[in-house]
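> This is what each chain is made of:
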Amino acid sequence: MNQVRVGLLVAAALLAMPLTAAAQPKKAQPKEINLDEEGAEKPAEAPTEGEGAGAAEGEGETPSGEGEGLGDICKIDPSACPSINMDEAAKRDINAEMYAVQQIYALRRFRFEITPYFGITMNDQFVAHPAPGLGLNFYITNVLAVGVNGNFYAALNSPSNFNFQTSRAARVGIPITEYAWNANANFSYVPAYGKFAGFGDFIFHYDFYVLGGVGAIATRPIAVVDPDNRTFEYKPRLSFHVGGGLRIFFNRWFAVVAELSDYIFFDELENPGIPIGNDANGNPKAQDPTTWTAPETSFTNNVQAQVGFSVFLPFSWEYRLPK
Amino acid sequence: MMRRFVNSLCASRLLRRGMLAALTGCAALAMSAGAEAQEIQLTGPLAGAPAVRKLRLHRAGRIEITPSASFTLLDEYQRTIMPGLRVMYHPTDWLGFGVWGGYGIQTTTSLTDELQVKAIDERNCPTDSNTATDTACKLTAVNLTRGNLAQDQLGRMQWVAAPQVTVVPFRGKLALFATLFVDTDISFFVGPAVIGVQERAPCGKDNDGNTLTDRPCAAQSSFQLESRIAIAPTFGVGWNFYPTSFFGFGAEWRALPFAWNTSGFDNAGSGNDEAFPDTAVNNKDRQFRFNSMVSVNLMFSLPMKVKSSD
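So the protein sequences, as listed, match chains A and B. In terms of the UniProt record's numbering, the first sequence is residues 1 to 323. In terms of the UniProt record's numbering, the second sequence is residues 1 to 310.
Hints are computed from structural coordinates only; laboratory data are not their basis. We put the CB at the ideal spot given by N, CA and C, even for glycine. Worth double-checking, as some hints may not be accurate.
[As the list claims (entries may be wrong)] Derived lysine-lysine pairs resembling DSSO-like cross-links, with alpha carbons at most 27 Å apart:
| id | chain 1 | residue 1 | chain 2 | residue 2 |
| --- | --- | --- | --- | --- |
| 1 | A | Lys-91 | B | Lys-54 |
| 2 | A | Lys-91 | B | Lys-305 |
| 3 | B | Lys-205 | B | Lys-284 |
| 4 | B | Lys-118 | A | Lys-285 |
| 5 | B | Lys-138 | B | Lys-118 |
| 6 | B | Lys-307 | A | Lys-91 |
| 7 | B | Lys-205 | B | Lys-138 |
[What the hints assert, rightly or not] Pair ranges (Cβ atoms, derived):
| id | chain 1 | residue 1 | chain 2 | residue 2 | range |
| --- | --- | --- | --- | --- | --- |
| 8 | A | Met-86 | B | Lys-54 | 18 to 26 Å |
| 9 | B | Phe-188 | A | Ile-114 | 29 to 37 Å |
| 10 | A | Phe-138 | B | Thr-109 | 36 to 44 Å |
| 11 | A | Leu-136 | B | Phe-177 | 21 to 29 Å |
| 12 | B | Gln-224 | A | Phe-299 | 35 to 43 Å |
Here chain B stands alone, though its shape is the one from the complex (with noise of 0.2 Å):
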């Protein structure tokens, strides 16, 4: 701006009234106008500039309503499919808290069916094990329930209640075939967990190691599911899409890790470093598994509207 001004005034009056006092004017403006493009070429003029700007905060000062659908990854003996709702209210845009909470139903995978068939069914065991003639039937008789394998004595993860933290630290957007875009966010959330877990009774011993005579694990009678309550910690991240103000759509995986006995089996108990069979069934035979899910959500927030920043 200067510099024109400066040009103006040179190439106008002050050049018709006296070329040596211009020449001289000028070139010494010229000299202090460098001087300022410098120190300007110096800063720069996004110098301090937000990363961002206007950017919608799909977060901020909202509640967020989700229902969601889980499917647990990795599974052996059962999945899991829970339906779900997650709560939250982000007093900023980069933090959240609130709830999550599912209940689970549970579907067999193939290795629960071909046992279910050539362990079970096509081996046609006794009721009672001591009248067994099959070796087979004698050395599965602690393991492997005459009935129904997933009924009476898969583990089974029945609902999920979770408190959790959500922290928002990347924030963008998604272009499609170049042409369509979206808003979108990650998010990583931490909390505790409160698992409803059904497995198999305790037989043989109890949890303390007193042995339970009237519940012998070969008998069929011992095979029974039993709920317990077990606290994990509970992680994860979520990738979410925000198509409009007030409703946006994402995924999240999820760790729910902790020990529990989800053949009901007896894996351990006895032997060098309690790894080997002990004849019953109880929280030695528990095993740390990570659990995982993946969750598909839809966000709806309030108020509807959505702010900007600046």
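Next up, chain A with everything else stripped away, as it sits in the complex (with noise of 0.2 Å):
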């Protein structure tokens, strides 16, 4: 009976303990906060790099809990102390799998981007070229994809005032086209991933593409030199496309994305000059079609910033890959 009374006062004292134990921290408790997904499922486990919040930014370091939880031990079972240099124990080559950057937050591997955007002309200072697009993506890899571009440019197509005051400044027509559509096939590849702090509260996350395809393009000239004869079909020609673009992610399926492309292909320009005369059916050779293009194509770089957004398919994945 003795036994059981001091084992009933043992267990009284231990229970008082805690109480005490919870009651006093009250000032330094941790607010609470809303723990990510994979993080709010085992959250007085070590902190996980990367993305996490207390990600380590730069050189690293070492959680304070360490040492504070063996002299825990040693107070409470001193035979149970583990008797290891701290010194010796941190010189150990360690063979850890790190990356450069932990924990991307979006994979891409296996999925499709849908990516609507508006592009407008960087480098035509005669005709401005903006136009809707659509781009398409499927992930083979998470840094590799294959996909589908294209522009609409029809309607939108607007020669400026810089154009017409330079003509009529200078007396001088300057050969000038305009664009209906676009379409092309390409690689894209993710070399560089990062994430930066805003503000130093929060994290967001973005990556660095670059892409090269073929496709085509149906262009037409416009008519300046003689628009009295001169209208121009739309002919679709050859081109080439290499770009490169940052795509900031707001959360794992959807992202801003701005892009520098440029479609390259050879251009049919007006002819500058009108032929004279007749030919041997008595037509004005002003009126024949052959004559109305300049006899050699211009190389031409449409140079085309995009900004639009991406959404990724499908919206969750299974987070398979160690970084």
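Now that you have both chains on their own, put them together as the hints suggest.
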């Protein structure tokens, strides 16, 4: 019976301990936070590297609680106190699998990317070629994708005031063209991935990509030299596509995209000269369509700045990669 | 920790001394331990932790000396390449004050070359436009020199000096090919810019509208450049990389919006909204342009040692 009393007293004393301990660090207790999906499942474990709120930037760090934990063991049971030389242990070579940027936030492998965007001309002061566009990509690996993209220019081409003023002042006709559409098949590669801390408070992720492809663009000259006689039809031409862009992720399936793309092709320009006289049938040569275009094609870079957003499908996926 | 302590007690002495007391005590302890675990779950171990630890402060308390080369974009008649220098002091890692300046060197665009060949050289207009027989020569006498287009009438930015405030809201790191990584930040800057501009001197009428009888625009002698100072806002964004503690590199885009006459043409001054030529070249022919440029920067920071955040 005495043993029972002693046992109950010990139990009562022990009961009091955690209650006191719980009250003690009231002001030092951390605030409630909204943990991310994975982290929320095991909050008491060591902080994950990379995207977690405690991610180390720069030189890395030693978790502050490690030493305290060993000290507690020694206080409770000196015989169980581990005899580890911490200095020696710290010098050991560790073959840890580390990546420059840990925990890629949005994996792309086996996902579709749908990118609506709007593009504006960067290098043509004479005619603006704004265009809505759409890009579709499928990522074969996390960094390599195959896809298509297209731009719709028709009805949005607009000759500039600069073109008008230069022609008026110098009395020189400058050949200009307009575009109808363009379509390309592309390979995309993502060589760089990173993350930013915004105002030292929140973290967002981004990546760089480059792309290259081949396709077609439909163009036609705008008649400025002899608009009375000349009308042109759109013709598709072989074009090459090179570009690069930046994608900033807002969550794991939505990102904003800024891209600079160059659509390279040989364009047909209006003939700056007007043939005079009549042909063998008595028709004016100026009305012969074969005389309307310049004899040589012109190497053209249609450089376009594109801004849009990306949606990745499926929205969620199983996180299997180690980084 | 408390749970392990309790478990060891339960498994050893108390269990041997009194099964009932131990069971009662362990049950009670388990209840309180469970309550404490629940509280930890609510708060979380990372609560209150900063978003980033051990951040290398590449800017805080340092002077940054940055040689740069700037290249103007979307030029119509002349491109400007501008070697320059930026000196900044950053009292904190996110705020800096300094000045940027550069000296402009011009090269002509293909449009200027085409105009020189087709509109000036091949047309071969006489020096005195009154003696011209070619209609094009008569009509373009006000707008085209008979000499060198670039030297006689095209506007140019000679130099720029711009005090500026820089804010660095975004700081991060970038992995290249998943192996190399580099510290990086994005900065925004704004300030006033003082620009030394050369553009075609007024002819026909001065900037106040008074007739300049001794300087008709059709006379070849009117084709000369005059210097002036333009004040404009400047702002932009930069992306910087820090491979070492004292050296970095980056690129920035800068806007310098102001009105000037890049062509030396008589574009405006009469008619509706003064949108038609008035055979005079003056400030009415200046047009607002969103001049922009891209700079490539090499950044050296002093002192060379970099600090880290907590």
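> For each hint, tell me whether it holds in the structure or not.
Here is what the structure says about each hint:
1. Lys-91(A) x Lys-54(B): holds, 21 Å
2. Lys-91(A) x Lys-305(B): holds, 25 Å
3. Lys-205(B) x Lys-284(B): holds, 10 Å
4. Lys-118(B) x Lys-285(A): Within the cut-off at roughly 24 Å; holds.
5. Lys-138(B) x Lys-118(B): holds, 16 Å
6. Lys-307(B) x Lys-91(A): holds, 24 Å
7. Lys-205(B) x Lys-138(B): holds, 19 Å
8. Met-86(A) x Lys-54(B): 18 to 26 Å: holds, 20 Å
9. Phe-188(B) x Ile-114(A): 29 to 37 Å: holds, 31 Å
10. Phe-138(A) x Thr-109(B): 36 to 44 Å: holds, 41 Å
11. Leu-136(A) x Phe-177(B): 21 to 29 Å: holds, 26 Å
12. Gln-224(B) x Phe-299(A): 35 to 43 Å: 37 Å Cβ-Cβ, so the 35 to 43 Å window holds.
In summary, the structure agrees with every hint in the numbered list given earlier.
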